[in-house]
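**Q** Okay, here's what each chain looks like letter by letter:
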Amino acid sequence: MFALFFLPSRHGQRRIVGGRLATLAIAAGLVGYGAMSSNLGAIDTLGTVFMYLVVTQAWNILGGYGGYLNFGMVTYFGIGAYASAVLFQYFGLSPFLTAPLAGAAAALFGLLIGIPTLRLRGAYFAVITIIITFAVQLLMLDLPFTQGALGIFLSPLAANPVFVERLFYFIFFALAATATTLVFAVENSNFGWALVAIREDEDAAEVIGVRTTAVKWTANALAAFMTGTVGGIYAQRILYIEPTGTFALDISLNVVLMAVIGGAGTWQGPVIGVPLVLLVAEALRVTVTSEVNRVIFSIIVILIALFVPGGIMGLLQEVRRRMRPLVRKSAGETMPRTGG
Amino acid sequence: MLSEASDALLSVDAIAKRFGGVVALGGVSFAFGSSAIVGLIGPNGSGKTTLLNIINGVYAPDSGDIRINGATTVGWRPSALATGGVSRTFQTARVFQTLTVRQNLFIPLLHHGRMARSAAARRADELLAFVGLADFADHTASELSGGQQRLLEFARALVTRPRLVLMDEPFAGVHPTIKGQLIRCIRETVGRESTSFLIVSHEVPDLVRIADFMLCLVEGKVAASGTPAAVVRDETVVEGYLGRG
Ligand SMILES: Nc1ncnc2c1ncn2[C@@H]1O[C@H](COP(=O)(O)OP(=O)(O)OP(=O)(O)O)[C@@H](O)[C@H]1O
Ligand SMILES: [Mg+2]
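Residue numbers (our numbering), protein chains in the order written: chain A, 111 to 450; chain B, 2 to 246.
These are computed hints drawn from the structure, not numbers from a lab.
None of these values were measured; they are calculated from a predicted model.
Any given hint might turn out to be false.
Claimed, not checked - Partial pick of chain A residues on the chain B-facing surface, computed with a CB cut under 10 Å:
{"#": "1", "residue": "Gly-224"}
{"#": "2", "residue": "Ala-269"}
{"#": "3", "residue": "Pro-271"}
{"#": "4", "residue": "Phe-273"}
{"#": "5", "residue": "Asn-300"}
{"#": "6", "residue": "Asp-311"}
{"#": "7", "residue": "Glu-316"}
{"#": "8", "residue": "Ile-318"}
{"#": "9", "residue": "Thr-322"}
{"#": "10", "residue": "Ala-358"}
{"#": "11", "residue": "Asp-360"}
{"#": "12", "residue": "Val-418"}
What the hints assert, rightly or not - Covered, in the sense of this in silico footprint (three residues per stretch, anywhere, with C-beta under 8 Å from a C-beta of chain A), are these stretches of chain B:
{"#": "13", "region": "86 to 97"}
{"#": "14", "region": "111 to 118"}
Think of the CB as a built atom: it goes at the ideal place given N, C-alpha and C, for glycine as much as any other residue.
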């Protein structure tokens with residue numbers, strides 16, 4: 111379904127090459143930093159950035175392109191974390207090996223829960239995703255094999271701490287790079303344009319031939335798989351999984367915030383939004399109390415919703431649009447690119 | 002009636018639909034072949050939009066059958082019907098607002114079999130020229146006027162070369178120039194591609210001008226059908242819809 115057919119790009123060819131080179135340079139820099147730096151705190155923080163980037167990109171597929179705002183991404187994350195913790199507890203399997211299974215568990219849940227929830231639109235969908243988080247949290251308290259409020263402990267890796275930190279850094283980096291590449295591919299694919307059509311007007315999309323139900327399910331299951339996978343690895347990183355912390359609403363809200371601030375519905379949005387939000391959150395954490403912190407965050411969100419609905423990427427695109435020469439482009443320039 | 006059911010493009014057979022206690026359609030039957038322009042009139046709430054929604058799969062009928070080229074399509078989703086050659090426009094134009102005019106036309110093409118990019122681009126530009134929106138190809142749809150959005154929605158409905166196009170109130174609130182444009186495009190499409198149109202409208206004089214056949218729904222039932230001239234003179238139509246005087 112992916113990339114069968116590329117629509118004419120909304121960007122100029124030269125800018126794309128420039129943008130891709132910059133992205134590759136940043137990626138190479140991050141690899142180098144992870145391999146060389148001995149600043150464990152920075153490595154740890156960047157690991158968290160990458161982890162959030164995976165979940166935010168996952169959110170972006172259905173939320174950013176498709177317009178279905180999931181306020182319960184932590185459900186998939188938590189299911190993934192629990193799946194790998196349970197597989198470790200009862201079968202002794204390492205989360206590194208079972209991460210795809212953790213993803214599959216979340217995807218299966220996503221497929222099933224999607225049957226009723228993806229029929230809901232707008233705020234109804236958003237609200238139900240929050241309710242589902244609480245429901246799954248309660249389920250994890252009560253299931254016979256999740257050890258209730260006690261939670262599940264995992265064994266730390268038997269290796270030196272610097273190596274362990276670097277290992278997580280690189281695993282999360284690889285997952286984040288994969289997720290970002292995937293979303294980039296989605297953005298330019300039939301599938302991505304089907305999602306955009308759904309976001310713009312779902313009934314009209316269906317009537318012109320977009321199989322809206324199948325597209326929404328696919329997007330949701332894909333998002334669940336990505337999030338569950340990273341949740342599975344997270345279990346090994348945090349070493350202790352219990353219902354309250356694992357299903358924290360904050361995580362879901364952060365993800366939406368990161369995508370919206372960066373620019374939902376663009377592959378660059380999460381890349382900008384995730385580090386920015388984590389940075390601001392960190393700065394606020396060391397300067398003000400957590401209550402004030404939340405108020406400031408809420409104000410930022412409201413301001414963005416009011417004044418920059420497209421997030422930072424939207425702002426950049428607007429600036430570019432205004433800088434475009436007043437002479438209109440000839441039709442040829444916006445024809446489909448012939449290269450890949 | 003309008004055409005023999007066996008060689009009909011669309012045949013609607015005893016379609017009934019109720020919403021709770023409201024009987025929207027109470028056994029509607031008619032049929033027509035290709036290259037036909039069929040006008041559908043009737044008072045507000047007589048079931049016109051509901052009928053279109055049932056033909057293109059938005060609602061399932063409570064009973065009755067819909068056949069396209071002889072094959073029943075009851076239970077098909079709108080997207081499947083779109084692929085099968087049935088497209089439509091809405092009572093208020095519904096274009097993809099933040100996309101460009103050209104992108105609006107690409108989306109149906111993407112979901113209509115594999116088409117080379119260059120062929121899709123050519124097809125889109127051909128349609129834009131046809132409806133007179135070529136100069137707006139790179140504008141976002143939200144920058145278009147209401148009438149232009151109707152033209153765009155119309156182009157979007159035609160871009161995949163459907164066999165049947167359902168149009169809900171295409172002339173409502175549209176400047177005479179754009180109305181003339183729409184009518185010209187409808188006629189040309191019928192002539193060139195043998196497409197049929199089922200057009201709901203309250204603008205009876207316009208319909209009379211272009212329709213080959215006409216149907217009048219009153220309270221979910223076909224009150225009259227036949228040539229436009231006959232329908233507008235029909236006693237029940239005058240009584241139930243047009244009014245005297
Ligand atoms: N989704 C729905 N739920 C409940 N009732 C509906 C629904 N759709 C239509 N109806 C009812 O069915 C009847 C027919 O409505 P419909 O929209 O088909 O009329 P119409 O002929 O298109 O009217 P108008 O000329 O005003 O557009 C009305 O009584 C309407 O209230
Ligand atoms: Mg109507």
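**Q** Kindly indicate which numbered hints from before are broken by the structure, ordering the numbers from low to high.
**A** 1, 2, 3, 4, 10, 11 and 12
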